[in-house]
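S.K.: Numbering (the numbering used here), first residue to last: -12 to 319.
Warning: the hint list may mix true and false statements.
Computed cross-link-like contacts, DSBU-like style, restricted to lysine-lysine with a CA-CA straight-line distance of at most 35 Å [claimed, not checked]:
id	residue 1	residue 2
1	K257	K242
2	K231	K195
3	K209	K192
4	K242	K115
5	K115	K10
6	K231	K242
7	K195	K268
8	K242	K184
9	K155	K67
10	K107	K10
11	K174	K21
12	K195	K174
13	K192	K107
14	K31	K103
15	K192	K217
16	K163	K217
17	K107	K184
18	K195	K172
19	K172	K268
20	K172	K10
21	K174	K242
22	K174	K192
23	K172	K242
24	K31	K67
25	K246	K231
What follows is a set of in silico ranges between Cβ atoms, one per label pair, in the way DEER data are often shown [said to hold, decoys possible]:
id	residue 1	residue 2	range
26	G75	R119	35 to 43 Å
27	N177	H47	42 to 50 Å
28	L49	I8	22 to 30 Å
29	I71	V176	43 to 51 Å
30	D83	G17	34 to 42 Å
31	H47	P2	52 to 60 Å
32	H47	R239	37 to 45 Å
33	N55	T151	22 to 30 Å
34	K217	L166	20 to 28 Å
It is worth saying that the hints were derived from the structure and are not from the lab. Cβ atoms here follow ideal geometry from the backbone N, Cα and C, with glycine treated the same way.
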Amino acid sequence: MSTFVFKTNETNYTPVSNIFIDKFMPKARGEFVKVYLLGLKYCKSGELGVSSQVMASALHLLETDVLNAWNYWNDENVIKMIPIDNMGNYNIDFLDLADRKTENENSINLLEELSKDSIKDMLEDIEKSTGRPLSSEEMTMYISWINDLNFSPEVILLLVQYCTSKGKTNSRYIEKTALSWFDAKIKNVNDAQIFIKNREDRWIKIRKILNYLGIKDGEIMKPQEEMLSKWIESYNFSLEIIFKACNICFERINKADFKYIDGILTSWNKDKIRTLEDIEKKDVKKTPHNNFRNSNKNIGNRNSKSTFNNFKQRNYDFDDLEKKLLGWDKND
-12 MSTFVFKTNE TNYTPVSNIF IDKFMPKARG EFVKVYLLGL KYCKSGELGV
38 SSQVMASALH LLETDVLNAW NYWNDENVIK MIPIDNMGNY NIDFLDLADR
88 KTENENSINL LEELSKDSIK DMLEDIEKST GRPLSSEEMT MYISWINDLN
138 FSPEVILLLV QYCTSKGKTN SRYIEKTALS WFDAKIKNVN DAQIFIKNRE
188 DRWIKIRKIL NYLGIKDGEI MKPQEEMLSK WIESYNFSLE IIFKACNICF
238 ERINKADFKY IDGILTSWNK DKIRTLEDIE KKDVKKTPHN NFRNSNKNIG
288 NRNSKSTFNN FKQRNYDFDD LEKKLLGWDK ND
């Protein structure tokens, strides 16, 4: 459980900046806006601090949702979130948004840009793809990518169409995708198409592996997705090799365990195993060692048996022994 300590003076009302309402609220998730407004209310009412549990209970959210919200607003430079200790407690400082004019707002003249046919056509096509009119902030964002990310209008349109094909029309998601394309050094439509194909091919393989394991897409977490990507991209294993590792996992522990499968594949990658034949050869190498142990065991058994058989047995006269036991030998 985390505690958040607010650093502002007490007032009898909760002022919300119009900049927050116009610029930051529209693109934020609803629960994030709730956390910001409730935190602002606590702050302005003179509350020294409040726990994530109290905020989560008041807003009918999870405590992780509250922490995620504060992290989001910190990333947006709406607040300043400073750790107090190692126990998950933070100072929350609400920043003055009056000076938050972005470089894009200062440098981009929207009316001037809309007079350009290529820009106007791009924005109209984006509106068709998303199925809704664009706000001035969204228009500014798309136009800024031409200079800031070095994207052509064709690349931007392709990016938006790719996101909408996945059912994602939220500007926040589209912006994150644009940054990932920029990090991938996408410069033109051809680069973008190759990137999309590789990503889709990866997900096709991931879905096949999950289907083989009897797991649905929505049931995997980020660490598991990263493992799957590692098997496919970093290790460059074929699906038949990955399925083989899954089979071994089932045979040994009777369930699907990502870490266990990852251990098998990591070992195979280290041993430069790439085919089913390589796996068989590796198994064969273990057999002579086992046979040697078994042969030594058999030799030991044979030695034990021959030692017993070679023991020199004595011959006894059982009739004479019987007479001595009964005392009949004295009567003679």
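S.K.: Taking each numbered hint in turn, which are not upheld by the structure, reported in ascending numerical order?
M.R.: Of the numbered hints given earlier, those the structure breaks are 4, 11, 13, 14, 19, 21, 23, 30, 31, listed in rising order.
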